[in-house]
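Each chain, written out:
There are 6 protein chains.
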Amino acid sequence: MNEQILSSDNKILKRIFNLDTNAFADGAVAVRTKEMIGLACSMVLRFDDCIKYHLGKCHSEGLTDEEIFEVFSIATLVGGTIVIPHLRKATEYWNSLKLMDQNAK
Amino acid sequence: MNEQILSSDNKILKRIFNLDTNAFADGAVAVRTKEMIGLACSMVLRFDDCIKYHLGKCHSEGLTDEEIFEVFSIATLVGGTIVIPHLRKATEYWNSLKLMDQNAK
Amino acid sequence: MNEQILSSDNKILKRIFNLDTNAFADGAVAVRTKEMIGLACSMVLRFDDCIKYHLGKCHSEGLTDEEIFEVFSIATLVGGTIVIPHLRKATEYWNSLKLMDQNAK
Amino acid sequence: MNEQILSSDNKILKRIFNLDTNAFADGAVAVRTKEMIGLACSMVLRFDDCIKYHLGKCHSEGLTDEEIFEVFSIATLVGGTIVIPHLRKATEYWNSLKLMDQNAK
Amino acid sequence: MNEQILSSDNKILKRIFNLDTNAFADGAVAVRTKEMIGLACSMVLRFDDCIKYHLGKCHSEGLTDEEIFEVFSIATLVGGTIVIPHLRKATEYWNSLKLMDQNAK
Amino acid sequence: MNEQILSSDNKILKRIFNLDTNAFADGAVAVRTKEMIGLACSMVLRFDDCIKYHLGKCHSEGLTDEEIFEVFSIATLVGGTIVIPHLRKATEYWNSLKLMDQNAK
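Protein chains in written order, with the numbering used here: chain R, 1 to 105; chain Z, 1 to 105; chain L, 1 to 105; chain X, 1 to 105; chain U, 1 to 105; chain G, 1 to 105.
So that you can see chain R by itself, here it is in the shape it has in the complex:
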């Protein structure tokens, strides 16, 4: 789908996609921390697609269960109980990511 958007030849959209890559790259703040920030922002803005995206990145960065659930708890507290159904899906997806690891071994 990104190809279809990029093939539209709209400069603004291309640059936004480009910025997104740059903003989450390693810098003064580590990728690991940035992905926790991205995860929490996606949770308070309540959007499953972005939550899954950042959970995948957090998994690649080797975040532990304890770390993930502390981020989950901040996001649920700040964003309110309206976040809970997203928290359920996030927990399910996080567990599936860990399961895939175990199966790959």
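Treat the hints with caution; some may be incorrect.
Said to hold, decoys possible - The calculated BS3-like cross-link candidates involving lysine-lysine, where the alpha carbons are at most 27 Å apart (straight line), are:
1) G:K89 with L:K52
2) L:K98 with Z:K52
3) R:K98 with X:K11
4) U:K57 with U:K89
Because the hints were derived from the structure by calculation, they are not lab data.
Fit chains Z, L, X, U and G to the known structure of chain R by using the hints.
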């Protein structure tokens, strides 16, 4: 004002206040990282009062300009240009915090 | 200011204003309950102007402190700690409404 | 899924779940009214999962069609026409709850 | 589903539905422009159902790819990268609308 | 304040500011239409600072009262009555812009 809320003797509210303190305490994720998360969440939810609160904490945690502006850039990118006026106020407040430091020396 | 909006002679806006009056009028659901609903919605949508408006109505309907703080606690729990600064202003305004009553006696 | 979240042994999340139960329990404000408040908040925050949850509770509390549609109308008016697709799903779910009742007889 | 809502005989909801038709009708601002506005608002409020509805209308109004992607880019910039997954679905739906046209020829 | 942000030498923020200028420039969609879109988006996202900014641009583009109030009515209908206090401030600001014109003659 917190006193007035707490004097209302409403248990739910008292516990929420208590949870807020616990969620941002040191744990598997460091206070420093948690405050960056809190700052970014407040920016995408566009609320100056909470932005200031977390900027104060980030300042106490010794965050550098480079770190703060990387958090600002993620929040503005994720949250959109609607965040920009809040970014302006956040920058102004961050600079005032640094100035107070210099004056205290 | 409403006069300026109404003098614009825009039918849609006039009808929205009219609907607003009707929706909160007495019906199958009592005014008292509707105003608690309006208050909670304004809090989770985080807007001080509307919170004050519905607090005024709740005061006229004779809501007790216990009732108001139960509505506050549901709204803060559902909407998250991002609601807390609005909760502080709401508590302050509610207390000022009660004080005005005492002074009027 | 709640089990997975609770098994994470994260205190903040456990307490938020606990608070959620307490906040909607009978108190100065009746359960019936609290569920109407929860329903309206879920609608203006536009989240089908929570709307369904509170509709189920409203059904258990014996709310009438007239009452439900008055809550729907306040939420749609306050939240705007962006709420309408959620209103459609809510109406469909409400009707299915009533149908299950009739079939159970 | 609209029939079920309208059959509820709730005046407020009927009038909101009616207003919706009127607000997007031809006036000082052309339907074509109003549909671009409706599309952009649905994108920043991040709701796929309403995005699809206004994309259908934009298609009937004969909007070009260039125009649609300029509206997409404003909405994504104002609303932030949290809008991107909605942008993907919008692009997919827009392409399907164009394909249906070609097949109809 | 923009100077302070730009002097931070954060590339992401600089590019977002740059994109903002480009996205609202004349293109397949006219500036006039883009500013109506920007105004409506700012209203449904309920942010006075951005509403004022786009009202200023709409004024420079020579929008009539009828046009502005049709945009206002779409935004208030889509965004709900929670938008009304912003509508009041927008109407007041629009009138002040017209008054400045008359005084300048």
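Worksheet item: Broken hints, numbered, in rising order?
Response: When the structure is compared with the hints, only number 2 turns out to be violated.
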